[in-house]
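Colleague: Required output: the full structure, derived from the provided sequences and hints.
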Amino acid sequence: MTTAFSSWGMEWRIAAIRNGIKETMAYRGDFLLDLIGSSIVPVGIQLMLWHSIFSSQEGGTFAGMTHAELLAYTWTSMLFSQIRGGNHDFTLIELIRTGGLNNYLLRPVGVVEFTYFKGIGEKLITAGMCLTLGAIATAFTSMNLSNLLMGLTLALMGNIIAYLFGAILAGAAFYWENAFAVLMVKNMAVSLLSGELIPLSVVPEQYALIWKALPFYLFVFGPTQVATGKWDAAMWGTQMGIAFFWILLLWGVLHASWRFAIHRYQGIGG
Amino acid sequence: MRSNEPALFVRDVRRTFKSVKKQEGLQGVLKLLFRPEYQVHEALKGVSFEVQQGEFTGLIGANGAGKTTLLKILSGLIPPTSGDARVLGFTPFERSIEFRRQISIVMGQKAQLWWDLPALEAFDLLRALYQIPREVYRTRVDELTALLGVEKLLNTQIRRLSLGERMKMEVIGAILHLPKVIFLDEPTIGLDVLASKRLREFLRTHNQKEGATIILTSHNMDDISELCKRILLIKEGSLIFDGNPKTLIERDECTLKVKLLSSPEAAQVSTTLGLDASAVTMDEEDPTTYLIPIARSRITEYFQKLLANFEVADIGIQESSLERVIQRIYQS
Numbered sequence: 005m006t007t008a009f010s011s012w013g014m015e016w017r018i019a020a021i022r023n024g025i026k027e028t029m030a031y032r033g034d035f036l037l038d039l040i041g042s043s044i045v046p047v048g049i050q051l052m053l054w055h056s057i058f059s060s061q062e063g064g065t066f067a068g069m070t071h072a073e074l075l076a077y078t079w080t081s082m083l084f085s086q087i088r089g090g091n092h093d094f095t096l097i098e099l100i101r102t103g104g105l106n107n108y109l110l111r112p113v114g115v116v117e118f119t120y121f122k123g124i125g126e127k128l129i130t131a132g133m134c135l136t137l138g139a140i141a142t143a144f145t146s147m148n149l150s151n152l153l154m155g156l157t158l159a160l161m162g163n164i165i166a167y168l169f170g171a172i173l174a175g176a177a178f179y180w181e182n183a184f185a186v187l188m189v190k191n192m193a194v195s196l197l198s199g200e201l202i203p204l205s206v207v208p209e210q211y212a213l214i215w216k217a218l219p220f221y222l223f224v225f226g227p228t229q230v231a232t233g234k235w236d237a238a239m240w241g242t243q244m245g246i247a248f249f250w251i252l253l254l255w256g257v258l259h260a261s262w263r264f265a266i267h268r269y270q271g272i273g274g
Numbered sequence: 002m003r004s005n006e007p008a009l010f011v012r013d014v015r016r017t018f019k020s021v022k023k024q025e026g027l028q029g030v031l032k033l034l035f036r037p038e039y040q041v042h043e044a045l046k047g048v049s050f051e052v053q054q055g056e057f058t059g060l061i062g063a064n065g066a067g068k069t070t071l072l073k074i075l076s077g078l079i080p081p082t083s084g085d086a087r088v089l090g091f092t093p094f095e096r097s098i099e100f101r102r103q104i105s106i107v108m109g110q111k112a113q114l115w116w117d118l119p120a121l122e123a124f125d126l127l128r129a130l131y132q133i134p135r136e137v138y139r140t141r142v143d144e145l146t147a148l149l150g151v152e153k154l155l156n157t158q159i160r161r162l163s164l165g166e167r168m169k170m171e172v173i174g175a176i177l178h179l180p181k182v183i184f185l186d187e188p189t190i191g192l193d194v195l196a197s198k199r200l201r202e203f204l205r206t207h208n209q210k211e212g213a214t215i216i217l218t219s220h221n222m223d224d225i226s227e228l229c230k231r232i233l234l235i236k237e238g239s240l241i242f243d244g245n246p247k248t249l250i251e252r253d254e255c256t257l258k259v260k261l262l263s264s265p266e267a268a269q270v271s272t273t274l275g276l277d278a279s280a281v282t283m284d285e286e287d288p289t290t291y292l293i294p295i296a297r298s299r300i301t302e303y304f305q306k307l308l309a310n311f312e313v314a315d316i317g318i319q320e321s322s323l324e325r326v327i328q329r330i331y332q333s
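Taken in sequence, the protein lines are chains A and B.
If you read the first sequence in my numbering, its first letter stands for residue 5, the second for the next number, and so on.
If you read the second sequence in my numbering, its first letter stands for residue 2, the second for the next number, and so on.
The set of hints was computed from the structure by calculation and includes no laboratory data.
Misleading hints may appear alongside valid ones.
Derived EDC-like pairs (lysine to aspartate or glutamate); straight-line CA-CA distance at most 20 Å [claimed, not checked]: (1) Lys111/B with Glu98/A; (2) Lys26/A with Asp284/B; (3) Lys26/A with Asp223/B; (4) Lys111/B with Glu27/A; (5) Lys23/B with Glu27/A; (6) Lys19/B with Glu181/A; (7) Lys22/B with Glu181/A; (8) Lys258/B with Asp284/B; (9) Lys111/B with Glu181/A; (10) Lys247/B with Asp223/B.
Label pairs and their in silico Cβ distance ranges [what the hints assert, rightly or not]: (11) Gln40/B with Gly132/A: 48 to 58 Å; (12) Gln24/B with Val189/A: 23 to 33 Å; (13) Gln40/B with His267/A: 12 to 22 Å; (14) Ser20/B with Arg263/A: 51 to 61 Å; (15) Leu253/A with Val194/B: 29 to 39 Å; (16) Leu27/B with Leu37/A: 33 to 43 Å.
Quick look at which bits of chain A chain B covers, simulated, 3 or more residues with Cβ under 8 Å [unchecked claim]: (17) 99–111; (18) 186–199; (19) 228–241.
Every residue gets a Cβ at the ideal spot worked out from N, C-alpha and C, and that includes glycine.
Modeller: Written as C-alpha cells, this is what we have:
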C-alpha cells in the first residue's frame, strides 16, 4: 500500500498539504482574522452597494435580478471567494527574488507543484469551513447540498487555475526580480472578473464576452451559479470541462515559460 | 555512474553575471528607468578540477571569490556560462530527479528547513519527499539527533532554536536521505567553539561511515584544517591552489625565532640580514626574541648570517598556520 502510494507520488503531496495546514495553524489568530476580514470586506461592499441601489427605487430589479437574488448571490459567493487563489503565487515571487527557490529546486519534486500543495492546505481548511457553513445554510435557504458540493468542486478547479495563472505571472520575477505589481494588477482584475465584487450576470452583453473568454469566472461566479441552482448539473459538467481545458492549457504554458525563464535565475544570496 | 568515475568533474567552467548598473540620485534613478546600463561580472574564470568519490574537500577563498557560485553550478541551481560540470555523471543544471535524490546542500546563511514547523515535522516532510522507508527514517533520525545532541529539540519550531541548534537540524535535514554528494556552505558560521567542534566531529564521522563526497566552504580555517585533506583555493574567480593544505603551509614562508646574547635593535638585525628595516620584529609574548620572516629555501643562508654576525643563544623555526597562509594569499 505504502509502496504504491509512494510510487504514485501521493505521499509527498499529502505530506506537503499536511505541513501547509500545520504551518497555517501555527498562527491561528492571523489565519482566522485574514479569513474573516477578507470575507467581510467584499461582502460588506456588495451589501452596501445593493442597499443603495434598491433604496433609491421602489421594488423592481437590477439588471434582471431582484434585491433578494442579489443578496443570496452575495452571501453564497462569500463561500467561494475564500477558496479562490491564495498567496502561493506571491510566495513564488518572494522565493525567486530572495533566492529561497534554491531550497526547492534541489528537492526531487517539481518546485511549482510543491509550492501549490504546501499552499493549498490553508484553502482546504477554508473549503471545509465553507462546506460546513453552506450545509447549515441549506436548512434555512433554498440551496441544496448537492448543488453546494458541485459548486465547491468547481471552485477547487478554479483554485488550481488561479494558482497556475499566478505562477505563470510570478515567472516575471526571473526577469525583473521584483514583480509583485504584476500579481497585484492580476488580483484587481480577478476581483472584478471572477464575480467576487458583482455578479457577472449584471455585466452588459457587450462586455460579457470579456469574462466569458477568460477563466476567472470559474473562481466565484460559476460556483455561485451552481450552488444557487441558476446553473443545472449539465451546465456544471460543461463548466468542469472548460475548467479542465484551462488547467491543461495553463499547465503547458507554465512549464514552457518556467523552463525558459529558469536560465535567468541567479539564486541570489548564500 | 562507474565506480572509478570522479564524483565531481569540472572543466574550464566560467560564469558571468549581468546586472543593471545602479546610479546615484534621482537623475540616476530616472535614467535607469528609461536607459538602463548593464555591467558584467565574471564570477568564475575557467575553473578545472576533479574530486574523487568519498573525498572531503575544502573550497576556500575570500568573500566574492566565486565559491558560492561554483557550489550553485555544481548543485544545479545555475548553469555555467561555458565549460563542463558533472556531478556523479549528471549534468547538474538538467536537475534530473535522480540527480536531486543524490545530492544535498546546506547554506549556513539560509534556512532550508521550514521556519514555522518543528524540526520533526520538517524531517517527516523530507522523508516523504525522498521516499525514505519509515523504519529506516526513525532509526536515522534517532541516531543523527543523538550524535548532535539535539534529540530533545525535535518538537521545537525551527525559528525558536538558537543558531547552533538550527544549524545542527539543517545538517541532519541535509543528510537524512544519505546523499552521495554534500555541499556545505559555511555550516559553522556563527557557531560557538563547542558547537563548531561537535559539528566537525559529526561531519568527519559521517564522511568516514557513509563515504559521502563532501565539499566544504568555510572561512573558519579550523574547519578546513581538521576535516579536509585537500583544498581548492579560489581567488577572483580562478583556482590558484589545489592540493593538501600542508603543502600550502610548507610552500609559504616560515618565521625564525631567535634569541641573541646581545640586544641589538630589530632594525639592525634586519639590515644585517639584508632585509627591509621593518621586516624583523620583536615577539610580543617574549620581548627578547626576534621574529624573522623568511622563505623556507633560504633558511640555511640566514642561519649562517646570524651565526656570523651575532652571538646566538637560541634559534627555532615557527611554522605558519593555514589561516596566516590564506590571509597572505588573500592580501597579495
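Colleague: Kindly indicate which numbered hints from before are broken by the structure, ordering the numbers from low to high.
Modeller: Violated hints: 2, 3, 5, 14, 15, 18 and 19; rest satisfied.
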